[in-house]
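**Student:** Protein chains in written order, with numbering that gives the first Met the number 0: chain A, 0 to 483; chain B, 0 to 663.
Quick caveat, the hints were computed from the structure, so don't treat them as lab data. Certain hints may be false.
Said to hold, decoys possible - Partner residues are not named here, just some residues of chain A that face chain B (Cβ under 7 Å, in silico):
#1 I58
#2 K164
#3 N299
What the hints assert, rightly or not - Derived Cβ-Cβ restraints for the label pairs, each shown as a range:
#4 A/D10 / B/Y65: 42 to 52 Å
#5 B/R598 / A/W411: 35 to 45 Å
#6 B/F177 / A/G471: 39 to 49 Å
#7 B/P574 / A/P389: 55 to 65 Å
#8 B/Y65 / A/I58: 23 to 33 Å
What you are looking at is a predicted structure, and each value in this text was computed from that prediction instead of being measured. Ideal Cβ placement from N, Cα and C applies to all residues, glycine included.
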Amino acid sequence: MTTADAFETPDLMLALPEIWLLAMACLVLVVDLFSKDRDHTPAFWLTQFALVSTAVITINLQWGVDATTFSGTYVADDFGTILKVAALGLGFLGFAYSRDYMRDRGLLTGEFYMLSLFAMLGMLVTISAHNLLTLYLGVELMSLCFYALVAMDRDSPRASEAAMKYFVLGALASGMLLYGMSMLYGTTGSLDLATIREAAATLEDNRILFLFGLVFMVVGVAFKFGAVPFHMWVPDVYHGAPTPVTLMIATASKVAAVGLFLRLIGEGLEPLIADWQQMIVILAVLSLLVGNTVALVQTNIKRMLAYSTFNHMGFILMGLLAGAPGGYGAAVFYAVTYAMTVAAAFGVVLLLSQKNFEADQLTDFKGLNERSPLYAFIMLLLMISLTGIPGTVGFYAKWLVLKATVEAGFVWLAVLAVAGAVVGAFYYLRIVRLMYFDKPEGAGPQPSGSGGFRAVLTLNGLAVLALGIFPGALVAICMAAFAP
Amino acid sequence: MKTIYLLIVLFPLVGALIAGLLGSRIGREGAHWVTSLSVGISFALSLLVLIGLMAGWVQPFNGTVYTWMVSEGIRFEVGFLVDNLSAMMMTVVTFVSLMVHVYTIGYMSHDEENWPAGSLAGVNAYQRFFSYIALFTFAMLMLVMSNNFLQLFFAWEAVGLVSYLLIGFWFNRPTAVFANLKAFLVNRAGDFGLLLGIGAVLFYFGSLDYVEVFAAAEADPDRTMSIFGGAEWKVVTVAGILLFIGAMGKSAQAPLHVWLPDSMEGPTPISALIHAATMVTAGIFLVARMSPLYELSEVALSFILVIGAFTAFFMGLIGLVQNDIKRVVAYSTLSQLGYMVVALGVSAYAAGVFHLMTHAFFKALLFLGAGSVIIAMHHKQDMREMGGLKQYMPVTYWTMLLGTLALIGFPGFSGFFSKDAIIEAVHASDRAGAGFAYLMVLLGVFVTALYSFRLFFMVFHGEGRMDHHTREHLQESPRVVTVPLILLAVPSVLIGLFTIGPMVFGGFFDGAIFVHRANDVLAYLGQDYTGPFGFIAHGFVTPPLYLAAAGVATAWFLYIKRPDLPPVIQSRLRPLHAVLENKYGFDDLYIKGVAGGSRALGGFFSRVTDARLIDGLLVNGTARSIGWAAGVMRRLQTGYLYHYAFVMIIGLVVMLTWFVFGAR
């Protein structure tokens, strides 16, 4: 714990991933400004390079380390490394999938790369924050970029409406988060998470104030997750935003949300577990119930994925609420693999979309097997993984979470979740049925996209299968990150 | 050596994969070359290993190749145990398999005629067939080379699967589909026993590895367990009987024998390879391999003895009334398997395995000979339409004669040594049930000779009873068919003479088969053993030879001298004939009783429980209510920003009230 009058030079090397990414983002800005390429090719490759190099730096500098810098406001540790690398990887997938789509719609501008990179930076900062202010800074950086990204398609009334809703509700949630933080600051007199943790462990009179703050912060965090009942923005935003942006919000930002939860509530307020566990249980139950039920009746695949997100968020919350290393590890594994799977699912949607055509209706998937057996098969893998059928990674994710939940004593919750997963099987397997057993209406959309896009998507899909057969290494990494 | 063992197993697998997956690319020629070559290489390597083991420059091998997983201290592995017993089995399996591969080239050359014209089912059927038999070779090798129960079970199921696929190879024929379903279901019953046996072994001995299990059983042979209430049983007895039930299914011992005669619906090469020479002997091999376990339980061995004796005699009897040439051979197989099981039951494992080997050669020969006849008869199998084929098919005739003589135990032929060794061993044994078994196997000799020569005379001698068209086209089969016959005839005649010394009375199986000194009937017989010719001389003073001769004479009298007599006898002994025709009613019991009952019960569950209760009330009811709820909840998503914000605020307020004010 350092104070202002004992200023020391921060260890910049430790925070190199964020610094590097920021530098790269600025470089992308400048290069794109002077590039005459209409497809923004230099920006694209620089962006991808930035993500990959940042991931490499993160692994080299932060895996196996447990240290703070910048006067204790920044922390580097194992699970942060996992989440960061996952977020960066998901960003990589997002850019790889979105290039053709954005170009076809005239949305492929330098701003897209800029804003996305800053959103990534926000996620990284959130994940590494060890101070309420850093945390809030990261969250807001990420959110503000996303608001703008959702509104990128200015001519689309739907996108503008979605951006408006997202912004207003997001501001509301941020306000609540900030309000909760102010309560903590008011009671403990510190913004540092370690100090807050100590104070929370020795609560006496301030308990009510603490709980008051806790509730507000849980609401703020739940909004980022899109957990019910703070979920109303999700379907509209998923549906209205350009699909690549939806992909980013659905994948990388969820990983960041896990980081936010683990830092703020899992670490900072760990002594209050008995209280927040109850709250998360309620959120998880509602998410499981509402998500599955409403997803059943959707006809738009983006909306369907949005509603089913609630269900998966319910699972992640179940892992988190166990409050034990096993549960955290399971939640991280779930978040990473779920995000990867959903990224590929959006990838398939993007693959089928063409100029002036969004392949986001369920009927667009009819008879896909006849048009493209490979991508029908990939979609099949993704759907059965999301359902949680053994052989794909989704099974292990669900299994780990359920195991942690049962060990934490919430058997009934595990039963509910499994029943929910059975309901979920309906709408996931419906897509499989449409692809394999139904005849297309008319010609149906053909897969488009460049070779690189197809290759990355194929690998992404097959990774779901490969991780389902050999999950050991990734499970071990996630569990090791939380090992006491 | 580990590499060689792996190659022996993997060559047929690769061959099967190439022929199966790339069948349409490589064509018929490619398919039969790639599979035959791969099995040929396996045979050569197996022979090398066997010779090496006998000469002493290869040591028995017991080791793990691949660890699948370790769970709570139990290792799930793929491993090989290669000693004299498994090396002998490997050589026999790959040799017969190779012969069958070559033979199949001729037998299946006009397979397209067996499929409905223009049907897609027949496309690449030829390649598929080769893929299956190579796959079978792989599975069977995995079975005999296994060093643990898990791999045993895998291979056990794998050979069962291939057997199922091949019995129903012509899956457009309802009879074939019925037969393979029957084989599958009956084997399920046996496999359930095997699985329970493996479970018992794992539970009580804490390992799946053969050697570890044997050591654990030996360390505490009198350990008991209680089943069905209070009765205490020795663990080795229970495990032994359960494992043997598995063996009964695969090796078609009564009462789980019903599938084997029906399996003749499959193409004849399959009957020779799977349903005579190799797969059905898996049960015999299993018990021999488990000899250290069985030696600890007199009860289990007595059980085995009685089952085998019953099968040996009564299944032979049914063979007397069959008219389908392949079915006669099939019932003969049942009966001979019974002999092998009897040998196991009196602790004469070596004699049982010895008979297994000789039988593999001469029974494969008989089946392939029968197949050759069937080719000539344009796929007609009824012996009543045959006769006088000797002049048309000399090679088939002579090789079949040699095979038949080997089967009935003509002195000096391989079957003589193995069968006499068994009969003598039963005679010498004092195990409970041995008296009954001795009677059964003696009478069995007479029956064997009778049905064998009945077949032989009806097919090759006497008046030709076929129609005019068939008679015109009668000719010897092509060389790919006759060469395997000749190659199989050689061991059928000679192998017993050269191998009885080491295999039955020598130390060939030392270290692989274990017999307690008190039980060792073969060692007792071996005291008088002076060599194969002394054994033949001894044969002339024991009853089996004369019983066999009487059987041949009876067959000659009934089917050559007085062919008018059999119908008369048949009408006089109508009740007995009916019992045999109905195969003692096992089929009716299973099909009408067990299968019919199950179907009735299933029908009840389907109509009442499933359709009304589960589907109607639970599934559709739930789906309807969830659909309704979804419709309602979906309306909450109004699209109005202030509604959304309102929901958030409500959520916040509820949580605040609950936790902050509820916490007081």
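**Student:** Next item in the hint list is A/K164. Is there a CB on chain B closer than 7 Å to its CB?
**Tutor:** This interface hint holds because 5 Å falls under the 7 Å limit.
**Student:** Is the interface hint for A/I58 satisfied, with its Cβ closer than 7 Å to some Cβ of chain B?
**Tutor:** 29 Å, violated
**Student:** Restraint: A/N299 near chain B, CB-CB cut 7 Å. Satisfied or not?
**Tutor:** Since the shortest Cβ distance to chain B is 12 Å, the answer is violated.
**Student:** Given the hint of 35 to 45 Å, check if B/R598 and A/W411 actually sit that far apart at their C-beta atoms.
**Tutor:** 40 Å Cβ-Cβ, so the 35 to 45 Å window holds.
**Student:** With 39 to 49 Å as the target window, see if B/F177 and A/G471 comply at their CB atoms.
**Tutor:** 45 Å, holds
**Student:** Within 55 to 65 Å or not, the Cβ separation of B/P574 and A/P389?
**Tutor:** Since the Cβ atoms of B/P574 and A/P389 sit about 57 Å apart, the hinted range of 55 to 65 Å holds.
**Student:** Quick check: does the Cβ-Cβ distance between B/Y65 and A/I58 fall within 23 to 33 Å?
**Tutor:** 32 Å, holds
**Student:** Quick check on a hinted range of 42 to 52 Å for A/D10 and B/Y65, using CB atoms only.
**Tutor:** 48 Å, holds
Violated hints, listed in ascending order, are 1, 3; each of the other numbered hints is respected by the structure.
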